[in-house]
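J.: One-letter residues, chain by chain:
Protein chains: 2
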Amino acid sequence: MSPLKFEIHKELENGLGRVGTIHTSHGDIQTPAFVAVGTKGTVKSLTPEQVRDSGVQTIIANTYHLYLEPGDENIKKMGGLHKAMNWQGPLMTDSGGFQVFSLGAAYGKNGVSKISHGKTEELILPEFNDAEVPKIAKIDPNGVMFRDHSKGDAHYFTPEKSIDIQHNLGADIIFAFDECTSPHESLHYQKEALERTHRWAKRSLEYHKSKPNAETQALFGIVQGGRDETLRKESAEFIGALDFDGFGIGGSFDKEDMDKAVQWCNEILPKEKPRHLLGIGEPEDLFMAVENGCDLFDCVAPTRIARNGGVYTKEGKINILNQKFREDQSPLDSECGCYACKNFSRSYIAHLFHAKEMLGSTLLSIHNIYFIAHMVDGMREAILNNNFDKYKKDFLSRYYNF
Amino acid sequence: MSPLKFEIHKELENGLGRVGTIHTSHGDIQTPAFVAVGTKGTVKSLTPEQVRDSGVQTIIANTYHLYLEPGDENIKKMGGLHKAMNWQGPLMTDSGGFQVFSLGAAYGKNGVSKISHGKTEELILPEFNDAEVPKIAKIDPNGVMFRDHSKGDAHYFTPEKSIDIQHNLGADIIFAFDECTSPHESLHYQKEALERTHRWAKRSLEYHKSKPNAETQALFGIVQGGRDETLRKESAEFIGALDFDGFGIGGSFDKEDMDKAVQWCNEILPKEKPRHLLGIGEPEDLFMAVENGCDLFDCVAPTRIARNGGVYTKEGKINILNQKFREDQSPLDSECGCYACKNFSRSYIAHLFHAKEMLGSTLLSIHNIYFIAHMVDGMREAILNNNFDKYKKDFLSRYYNF
Numbered sequence: 154m155s156p157l158k159f160e161i162h163k164e165l166e167n168g169l170g171r172v173g174t175i176h177t178s179h180g181d182i183q184t185p186a187f188v189a190v191g192t193k194g195t196v197k198s199l200t201p202e203q204v205r206d207s208g209v210q211t212i213i214a215n216t217y218h219l220y221l222e223p224g225d226e227n228i229k230k231m232g233g234l235h236k237a238m239n240w241q242g243p244l245m246t247d248s249g250g251f252q253v254f255s256l257g258a259a260y261g262k263n264g265v266s267k268i269s270h271g272k273t274e275e276l277i278l279p280e281f282n283d284a285e286v287p288k289i290a291k292i293d294p295n296g297v298m299f300r301d302h303s304k305g306d307a308h309y310f311t312p313e314k315s316i317d318i319q320h321n322l323g324a325d326i327i328f329a330f331d332e333c334t335s336p337h338e339s340l341h342y343q344k345e346a347l348e349r350t351h352r353w354a355k356r357s358l359e360y361h362k363s364k365p366n367a368e369t370q371a372l373f374g375i376v377q378g379g380r381d382e383t384l385r386k387e388s389a390e391f392i393g394a395l396d397f398d399g400f401g402i403g404g405s406f407d408k409e410d411m412d413k414a415v416q417w418c419n420e421i422l423p424k425e426k427p428r429h430l431l432g433i434g435e436p437e438d439l440f441m442a443v444e445n446g447c448d449l450f451d452c453v454a455p456t457r458i459a460r461n462g463g464v465y466t467k468e469g470k471i472n473i474l475n476q477k478f479r480e481d482q483s484p485l486d487s488e489c490g491c492y493a494c495k496n497f498s499r500s501y502i503a504h505l506f507h508a509k510e511m512l513g514s515t516l517l518s519i520h521n522i523y524f525i526a527h528m529v530d531g532m533r534e535a536i537l538n539n540n541f542d543k544y545k546k547d548f549l550s551r552y553y554n555f
Numbered sequence: 154m155s156p157l158k159f160e161i162h163k164e165l166e167n168g169l170g171r172v173g174t175i176h177t178s179h180g181d182i183q184t185p186a187f188v189a190v191g192t193k194g195t196v197k198s199l200t201p202e203q204v205r206d207s208g209v210q211t212i213i214a215n216t217y218h219l220y221l222e223p224g225d226e227n228i229k230k231m232g233g234l235h236k237a238m239n240w241q242g243p244l245m246t247d248s249g250g251f252q253v254f255s256l257g258a259a260y261g262k263n264g265v266s267k268i269s270h271g272k273t274e275e276l277i278l279p280e281f282n283d284a285e286v287p288k289i290a291k292i293d294p295n296g297v298m299f300r301d302h303s304k305g306d307a308h309y310f311t312p313e314k315s316i317d318i319q320h321n322l323g324a325d326i327i328f329a330f331d332e333c334t335s336p337h338e339s340l341h342y343q344k345e346a347l348e349r350t351h352r353w354a355k356r357s358l359e360y361h362k363s364k365p366n367a368e369t370q371a372l373f374g375i376v377q378g379g380r381d382e383t384l385r386k387e388s389a390e391f392i393g394a395l396d397f398d399g400f401g402i403g404g405s406f407d408k409e410d411m412d413k414a415v416q417w418c419n420e421i422l423p424k425e426k427p428r429h430l431l432g433i434g435e436p437e438d439l440f441m442a443v444e445n446g447c448d449l450f451d452c453v454a455p456t457r458i459a460r461n462g463g464v465y466t467k468e469g470k471i472n473i474l475n476q477k478f479r480e481d482q483s484p485l486d487s488e489c490g491c492y493a494c495k496n497f498s499r500s501y502i503a504h505l506f507h508a509k510e511m512l513g514s515t516l517l518s519i520h521n522i523y524f525i526a527h528m529v530d531g532m533r534e535a536i537l538n539n540n541f542d543k544y545k546k547d548f549l550s551r552y553y554n555f
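Quick note, the sequences are listed as chains A and B, same order. For the working numbering, add 153 to where a residue sits in the first sequence, where the first one is 1. For the working numbering, add 153 to where a residue sits in the second sequence, where the first one is 1.
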């Protein structure tokens, strides 16, 4: 019995996009849904209530980071991650695969010229710079040896270890341990990595099913395969045939490859289970993902750009540090109903950034996650009302000023 | 007609301490009351609702800082400081005198070995270090020339200029422009500075009364005089005789001098007007202040120490970064009803600090201002219930582990 139930309420004419509800042990997720990133067990600069009140239904935390600090055993002693961070709603943890590899072998190998995969928060920090960091992950058939990026201690992750950690954290939806390759790896390496990911997926699943946690925590398998059509389809077939509760679509995509890769996967993956596109993304990416049958997607962008002054508006992205906003008495977005827009002006928020006041990051983070969450809610409504194409065209033409 | 009304409901037997209500244009302040510091128009790391829900009735912002960034004219365009920062309750601004002088002549002159005056937030930042910063304020009979501590531009403050700025900001209670001397200045210099402060007080008052803002904004005169009994009493006589709406007691005190200075002032100041002890302080200081007849006090300590991991508890101050709190599942203070204590454990908050997550500062700031605000509320209750001495003894003996 899966601890997760998924209902589909309506589909797009293309047979891929859909509206549904995921029922978890901690409540329902109306899909498609934007998942806020809470890497270290907190959506940066926000209280759980601020996250919830911005329209976010689900948070995804990071297995790699929480394993290192404060430790998954410690989180278990706190009563699990829901209780520790005081988030009563649905919660996810990724497998830590992306982070383990992005800090070592996979990322350091050929260099990734452009990562549109949204989970690049770590990669843009100085300590993750390709040129400066020695390879600190070593792969063998059984697992990965890696070093803590900040303390340097050696650690060893296996599929079973990742599942154990995620059981200690206790999220409603967890992920199988995988290897996320760079799109610039050779086809030979992609094949080798994909076989490993498939073996690890089976081990993750078998180990998870052998534990009582399988009754309350759902496990998603991750489809990989880079941008190669044959490998992607092979991976969707393989992972899709396993008894997972749902699926993740992983990979560091070049932007132009992403829609095809997503389509290849979702045409094969079993329709009746939910699909999460990992680490995506910008408004146009989210429309693409929903149209092509993804139900969930997480991205650090809304909160990361917020801390640097970046603001989503219906007319595109602006930066609040621009001098012209110093005396602009209008809200961040005149059509927005978020806490920041209802109570503060661009001029005041600009002041907070110029004065380096933390409240500035908090207000922009609230606005940006509200913006993205409500944009996705709009897609849901549009599918239900049979006008997805119009909503998409109107939204994107205004946002990108086509 | 004063824009402010003050009622006294009950007095201590010593004839100094009292419980009252200050009625302002933006609501009532039940006194004695802790005033939260919002230097740059925000209580650091908190939304206005988080400040209010922690039991804070009033915020004090800083004239010097807001004049420089974003500019008082700009705040006026935002509709005034209440509207800009979305604070509907009573609001104060200080005169900027302390900051102008602390960045230049007064502070740089002889060196201040210990400043228990709470407004030392700026002074502990590197750019304010006595040894590194050249004198950047120059006093003449008419006013003070100073340089922006960050940009270096020259500015000139007079009593009239300070009042103009405070009129643009629009707080309910504003302060006369004064010179705050170091307790280590010579008696000769203290006398000279005090005469200047008195002349400036008269000019501030006359200028303020000539403006329509006097109908909605109350002006407090500031008593100075360092730690010299004669000068303190002379200042209380002089300032107390002027038609101010209330009074501030200023000065950079050595801790052992503070209670006497406060007592000298309040025995002379007219009983029927409210008194604000500027920039104080720690729990024992606040008991001293209330006992000796102060109605209001502001202090950066609760939020400043919070950002460094410092936590007030009934059993004294702790630092959440201490290793022993990593696995401590109890709340910050087991008897506290604040948002942080009701929803999070010491272990989780310790994790936030170790992981350098902003939410840690937010939670400790909420707790600390709640702690201090409720400690002062307790004094109010105790005076009303005729058991102030017992409340004080119980609180302080437990807090300082006597």
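Simulated from the structure, these hints should not be mistaken for lab results. Hints may contain errors.
Chain copies aren't distinguished; within one or between two, either way the pair holds.
[Claimed, not checked] Cut-off 35 Å, straight-line C-alpha distance, at most; resulting in silico cross-link-like pairs (DSBU-like, lysine-lysine): (1) Lys-543 / Lys-386; (2) Lys-314 / Lys-509; (3) Lys-362 / Lys-291; (4) Lys-364 / Lys-470.
Remember, it's a predicted structure, so these values are computed and weren't measured experimentally.
J.: Look at each hint and say if it fits the structure.
T.: Against the structure, the hints come out as follows:
1. Lys-543 / Lys-386: Within one copy, since 31 Å is at most 35 Å while 77 Å is not.
2. Lys-314 / Lys-509: So Lys-314 and Lys-509 pass the 35 Å test across copies only (26 Å; inside, 41 Å).
3. Lys-362 / Lys-291: within (28 Å within a copy, 76 Å between copies)
4. Lys-364 / Lys-470: Answer is neither; intra-copy 46 Å and inter-copy 44 Å both fail.
Against the hints set out earlier in the document, a violation occurs for number 4 only.
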